[in-house]
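Let the sequences and hints guide you as you build the complete structure.
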Amino acid sequence: MKSHFHLLGLPALPEFALSAKSSWSAPSRVHVASSTKTTLEAAIPSAGRKDASLLDAAWGAKGRGSVVAEKSAGDYFVHSLPGAPEGPLLKMHAGFVEVDPEHNGNLFFWHYQNRHIANRQRTVIWLNGGPGCSSEDGALMEIGPYRLKDDKTLEYNDGSWDEFANIMFVDNPVGTGFSYADTDSYVQSLQEMADQFITFLEKWFVLFPEYEHDDIYIAGESYAGQHIPYIAKAIMDRNKKSPAPVHKWILKGLLIGNGWISPIDQYPAYLTYAYKTGLIQGDTPMAKEVEKQQAECFGALDKNDGANRIDTYQCEKILQEILRVTQTKGPDGNMQCVNMYDIRLKDSFPSCGMNWPPDLKYVEPYLARPDVLQALNMGEIDQPAWTECNSVVGGAIRIKDSKPSYQILPEILNEVPIVLFSGDQDLICNHIGTEDLINNMEWNGGKGFEVSPGTWAPRRSWTFEGETAGFYQEARNLTYVLFHNSSHMVPFDYARRTRDMLDRFMRVDIANIGGKPTDSRIDGEKGLETSVGAHPNSTLAQETEKEKLNAAKWSAYYKSGEVALVVVIIMAAVWGWYIWRDRRKRAGYAGLFGGSMEGSSERLRGAMGLENSRHKRGDVETGSFEDEELEELHLRPPGDRHATVEDSFDMGTDSEEEDDDERVNGNGMDKGKGIEKS
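Mapping of the sequence shown onto the working numbering: position 638 corresponds to residue 667, and the numbering continues sequentially without gaps.
What the hints contain is simulated information worked out from the structure, not anything from laboratory work.
It is possible that some hints are incorrect.
Stated by the list, open to error - With a Cα cut of at most 30 Å, we get these calculated DSSO-like pairs of lysine-lysine:
id, residue 1, residue 2
1, K262, K476
2, K375, K178
3, K232, K120
4, K390, K120
5, K358, K305
6, K332, K429
7, K375, K358
8, K281, K269
9, K432, K277
10, K358, K321
11, K100, K232
12, K429, K476
13, K332, K305
14, K270, K429
15, K281, K555
16, K317, K332
Unchecked claim - Restraint ranges, calculated between C-beta atoms of paired labels, are given here:
id, residue 1, residue 2, range
17, T492, P238, 37 to 47 Å
18, D411, P130, 11 to 21 Å
19, E496, T357, 26 to 36 Å
20, P130, K269, 24 to 34 Å
21, K317, R427, 33 to 43 Å
22, T306, H108, 43 to 53 Å
23, T301, K555, 29 to 39 Å
24, P130, G362, 51 to 61 Å
25, D411, P111, 12 to 22 Å
The structure presented is a predicted model; accordingly, all values stated were derived computationally and were not measured.
Where is the CB? At the ideal position from N, CA and C, for every residue including glycine.
This is the structure in structure tokens:
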């Protein structure tokens, strides 16, 4: 989160800040841990995240000894974690790595191994802002695998970024969070910060060489928008300068959320955003007060080479004025103001967001527990309680010696893709300022998102699980993502959506590894299949895959059986028809050309299973003959071709039947007693 404290050459404090119960830094807050430390409880509110009190920070390194040298990876293994959910503990390592032996400088890290591997090994390094704000904010309130249910109980975060990537949280620079150094030896420029971070990575990869060949992504938010580009540039320079056989680190991408990157573009966006969201109405007394402060800002930028400055006091006061003039009386009768990190919320004045997010009340006591410190391999270090932000870290940086990171973004974009994402309810590093810096920046042969003269890259609508999530805009290695209804800390609000964004950026495709893909669409298109939250463990995924294979196998069997049955039925039908036709012909031959009456009748009954009325009629008539009469009958010889079919079917008349003997034909056959030919 964006934070800088003007410790050297401290300007006069605004009057309303002097009465604050919690002190502010510029551009972030100072959290006062003890009521006895009152001399510096007030500080400058400005665009950023929270800090610890000056006295807390000044005492920060007192009593700390240097870390024992020559450690191995096993010394950093976390065997247990107080309050963790039941079941196997996630594989993690934590502890200190020395980066400045001369001044006792050590960086604290907390590393989680990925739960699954999707086609490549990836490591994400996460940094919070400040400068001087701890990355344990990210670990326990944003993208880490655990969230605090209370100050003693952890629960799983189903949008954690460790699903398909190792994640490492680093308290950076020294003096931040658990990291420490002699208080007179905090880094004094962003380049010095980046150099120390390279030292950290060099030593960390010696301890954990299995991760050195991973694809590396660096992510963070707020003032990390200054840290991340400087570190990325240092990695690129190292890769170019390092001789063989030194391994070149594979820097694959950067992700910066609600970043403080280009002050000259982002300062004017304070008032623009306030107008757009209705915090301030134009042409009103409060608008005129803020506009007056903005005019002072522009004058200072013109006079003091503002394009090359990371922060300017007169410009920081624009945000202060917005918060001051928009304060109102709350239901309890006390004054309240807009939460600068989420304008949908209110906070007591002049905190204005310093009491947010609500999980913070659990994080501070949890990280102060002795058993937690012991579990995270800090038992041997004599240090004071963890503080979320240390204002002295920001105050030590000589801003005049560091240029804003937006000046090095174009060079980075030549080789490394970058995602800038913003929550649209954030005031302090608002999305209008981010969009303005993109529009004014030139990189890779173009300016802003213009893809050809007069044509800009489209804003593609994004839906997540059936809900409108925001939009994507991309051009020439830069992607911009706006999250709707989200605060300064986007992962705090929408961890699952940010994990989907990460997986898209890393091109994770779960199609071949199991798991139910989430329904995430850009302009209605699903793209790669990603899984967000509730992904099965590897064993369950394998079992699920086996079940799928078995189901497919039996389905194939069923289909083949159905085909075989159909073939058998067809063959049986054909065979039956053939038999029926053959017997029909044989029966017909017997009637037409002579043959045994009894035999032909039985054949028909056997073949057809019929005893219809026509057969019965013939049997009755035949039954009227005496045996001797039947013996006298002579069938027409088969070879008699003069007998016609009509003759065979001639049944005779009633008069003819009365005189049988007289009307026996020349062949001796009585026409009236002929065989029925069905």
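Against the structure, the hints:
A hinted pair counts as satisfied when its Cα atoms are at most 30 Å apart, and K262 with K476 qualifies at roughly 21 Å. Restraint check for K375 and K178: the C-alpha separation of about 23 Å stays at or below 30 Å, so the hint holds. Restraint check for K232 and K120: the C-alpha separation of about 20 Å stays at or below 30 Å, so the hint holds. Restraint check for K390 and K120: the C-alpha separation of about 26 Å stays at or below 30 Å, so the hint holds.
About 23 Å separates the Cα atoms of K358 and K305, which keeps this hinted pair within 30 Å; it holds. Restraint check for K332 and K429: the C-alpha separation of about 14 Å stays at or below 30 Å, so the hint holds. With a CA separation close to 11 Å, the supplied pair K375 and K358 stays within the 30 Å bound. At most 30 Å may separate the alpha-carbon atoms for a hinted pair to count; K281 and K269 meet this at roughly 15 Å.
A C-alpha spacing of about 26 Å is found between K432 and K277, which places the hinted pair at or below 30 Å, so the restraint holds. With a CA separation close to 25 Å, the supplied pair K358 and K321 stays within the 30 Å bound. A threshold of 30 Å between alpha carbons decides the hint, and for K100 with K232 the separation of about 11 Å falls inside it, so the pair holds. Pair hint K429 plus K476 holds up; C-alpha atoms about 27 Å apart against a cutoff of 30 Å.
Taking the CA atoms of K332 and K305, the gap is near 29 Å; set against the 30 Å cutoff, the hint holds. Pair hint K270 plus K429 holds up; C-alpha atoms about 27 Å apart against a cutoff of 30 Å. Of the supplied pair hints, the one linking K281 and K555 holds, its CA atoms being roughly 23 Å apart against a limit of 30 Å. Between K317 and K332, the direct Cα distance comes to roughly 23 Å. Compliance with the 30 Å bound is thereby established for this hinted pair.
Taking 37 to 47 Å as the suggested C-beta distance range, the pair T492 and P238 conforms, at roughly 42 Å. Under the hint 11 to 21 Å, the C-beta atoms of D411 and P130, about 18 Å apart, fit the expected range. Evaluation of the 26 to 36 Å hint for E496 and T357 yields a pass: the beta carbon distance comes to about 32 Å. Hint check: P130 to K269, Cβ distance near 27 Å, so the stated range 24 to 34 Å holds.
Roughly 35 Å separates the CB atoms of K317 and R427, a value that falls within the hinted 33 to 43 Å. Separated by about 49 Å at the C-beta atoms, T306 and H108 satisfy the suggested range of 43 to 53 Å. Checked against the given bound of 29 to 39 Å, the beta carbons of T301 and K555, roughly 35 Å apart, stay inside it. Hint check: P130 to G362, Cβ distance near 56 Å, so the stated range 51 to 61 Å holds.
A C-beta distance of roughly 20 Å is found between D411 and P111, which places it inside the suggested range of 12 to 22 Å.
Violation of the numbered hints given earlier is absent; every hint is satisfied by the structure.
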